[in-house]
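Visitor: As a plain string of letters, each chain reads:
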Amino acid sequence: GDSVTQMEGPVTLSEEAFLTINCTYTATGYPSLFWYVQYPGEGLQLLLKATKADDKGSNKGFEATYRKETTSFHLEKGSVQVSDSAVYFCALLGNNAGNMLTFGGGTRLMVKP
Amino acid sequence: EAGVTQFPSHSVIEKGQTVTLRCDPISGHDNLYWYRRVMGKEIKFLLHFVKESKQDESGMPNNRFLAERTGGTYSTLKVQPAELEDSGVYFCASSQDWSRVGYTFGSGTRLTVV
Numbered sequence: 012g013d014s015v016t017q018m019e020g021p022v023t024l025s026e027e028a029f030l031t032i033n034c035t036y037t038a039t040g041y042p043s044l045f046w047y048v049q050y051p052g053e054g055l056q057l058l059l060k061a062t063k064a065d066d067k068g069s070n071k072g073f074e075a076t077y078r079k080e081t082t083s084f085h086l087e088k089g090s091v092q093v094s095d096s097a098v099y100f101c102a103l104l105g106n107n108a109g110n111m112l113t114f115g116g117g118t119r120l121m122v123k124p
Numbered sequence: 211e212a213g214v215t216q217f218p219s220h221s222v223i224e225k226g227q228t229v230t231l232r233c234d235p236i237s238g239h240d241n242l243y244w245y246r247r248v249m250g251k252e253i254k255f256l257l258h259f260v261k262e263s264k265q266d267e268s269g270m271p272n273n274r275f276l277a278e279r280t281g282g283t284y285s286t287l288k289v290q291p292a293e294l295e296d297s298g299v300y301f302c303a304s305s306q307d308w309s310r311v312g313y314t315f316g317s318g319t320r321l322t323v324v
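Here the protein sequences come in this chain order: P and W.
Here my numbering is used: the first sequence runs in plain steps of one and ends on residue 124.
Here my numbering is used: the second sequence runs in plain steps of one and ends on residue 324.
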């Protein structure tokens, strides 16, 4: 079945540092890929998405590129802020799995001033 | 537009008791989903409604969980009787159609069974 693996946290960075959160997936066909973010006390918010190979999703300075050859969708940001502290979830929507999202385990990011 | 609303936001109950979680989707969204995250692990699918019908309930863990969506509007998820391993965060989400661009989640209900 479909699966998503993302790096375990917590990831602790200083403000303005470069961020990478790795995400790899296993799925048949051509899934859509997502990054969701959960800020403290809030729900899951869609951060960015990519629906086909080589697409780059971007939002709020975050980027991720859909790499089919490496089955990856790593999240990056050039300069993190304290306000980016949250839990980040990589997810996929498979072609053969109805409309069900498959999530990774989540990565907690803590950014220190 | 109003987002997906869930309540309560937190619930603490004793093992063996019953708890009912409620989700109000975005108005006009036919698709409603329940997910949960237990023990800080990955978020897992529970079930999917299309209007009032259960489209997919393959993720429901056992028969202690009962989901309903009468009238195709809000949904409830009842856990009866609750067990310790049911503790976690229960998320609801809704979408207008079967587009492959993700859907809108609520803030979740944190359930603690003691």
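FYI, nobody ran anything at the bench for these hints, they're computed from the structure.
Heads up, some of the hints might be wrong.
Said to hold, decoys possible - Straight-line distance between alpha carbons at most 30 Å, and here's what the computed DSSO-like set of lysine-lysine pairs gives:
hint: 1; chain 1: P; residue 1: K63; chain 2: W; residue 2: K251
hint: 2; chain 1: W; residue 1: K288; chain 2: P; residue 2: K79
hint: 3; chain 1: W; residue 1: K254; chain 2: P; residue 2: K79
hint: 4; chain 1: W; residue 1: K288; chain 2: P; residue 2: K88
hint: 5; chain 1: P; residue 1: K67; chain 2: W; residue 2: K254
hint: 6; chain 1: W; residue 1: K251; chain 2: P; residue 2: K71
hint: 7; chain 1: W; residue 1: K264; chain 2: W; residue 2: K251
hint: 8; chain 1: P; residue 1: K123; chain 2: W; residue 2: K251
hint: 9; chain 1: W; residue 1: K261; chain 2: P; residue 2: K88
hint: 10; chain 1: P; residue 1: K123; chain 2: P; residue 2: K67
hint: 11; chain 1: P; residue 1: K123; chain 2: P; residue 2: K79
hint: 12; chain 1: W; residue 1: K264; chain 2: W; residue 2: K288
hint: 13; chain 1: P; residue 1: K63; chain 2: W; residue 2: K261
hint: 14; chain 1: P; residue 1: K67; chain 2: W; residue 2: K251
hint: 15; chain 1: W; residue 1: K288; chain 2: W; residue 2: K225
hint: 16; chain 1: W; residue 1: K264; chain 2: W; residue 2: K225
hint: 17; chain 1: W; residue 1: K254; chain 2: W; residue 2: K288
hint: 18; chain 1: W; residue 1: K264; chain 2: P; residue 2: K71
Visitor: Work down the list of hints and note, for each, if the structure agrees.
Guide: So, going through the hints one by one against the coordinates:
1. Between K63/P and K251/W the alpha-carbon distance is near 27 Å, which keeps this suggested pair within the 30 Å criterion.
2. For a cut-off of 30 Å, the pair hint linking K288/W to K79/P is broken: about 40 Å separates their Cα positions.
3. Between the alpha carbons of K254/W and K79/P the distance comes to roughly 24 Å, so the proposed pair stays at or under 30 Å and holds.
4. Between the alpha carbons of K288/W and K88/P the distance comes to roughly 40 Å, so the proposed pair goes past 30 Å and is violated.
5. About 26 Å separates the Cα atoms of K67/P and K254/W, which keeps this hinted pair within 30 Å; it holds.
6. Simply put, K251/W and K71/P have alpha-carbon atoms about 26 Å apart, close enough for the 30 Å limit, and the pair holds.
7. At roughly 25 Å between alpha-carbon atoms, K264/W and K251/W fall within 30 Å of each other, so this suggested pair holds.
8. Of the pairs offered as hints, the one joining K123/P and K251/W holds, with about 25 Å between alpha carbons and a cut-off of 30 Å not exceeded.
9. For a cut-off of 30 Å, the pair hint linking K261/W to K88/P is broken: about 39 Å separates their Cα positions.
10. The suggested pairing of K123/P with K67/P holds, with an alpha-carbon distance near 28 Å, which does not exceed 30 Å.
11. For a cut-off of 30 Å, the pair hint linking K123/P to K79/P is broken: about 34 Å separates their Cα positions.
12. With a CA separation close to 15 Å, the supplied pair K264/W and K288/W stays within the 30 Å bound.
13. Proximity of K63/P to K261/W is assessed by CA-CA distance (about 29 Å); at most 30 Å being required, the pair is judged to hold.
14. Between K67/P and K251/W the alpha-carbon distance is near 27 Å, which keeps this suggested pair within the 30 Å criterion.
15. The straight-line distance between the Cα atoms of K288/W and K225/W is roughly 14 Å, inside the 30 Å bound, and the hint therefore holds.
16. For the proposed pair K264/W and K225/W, the alpha carbon gap of about 28 Å is at most 30 Å, so the pair holds.
17. Under the criterion of a C-alpha separation no larger than 30 Å, the hint pairing K254/W with K288/W is consistent with the structure, at around 17 Å.
18. Restraint check for K264/W and K71/P: the C-alpha separation of about 36 Å exceeds 30 Å, so the hint is violated.
Of the numbered hints stated above, those contradicted by the structure are hints 2, 4, 9, 11 and 18, listed in ascending order.
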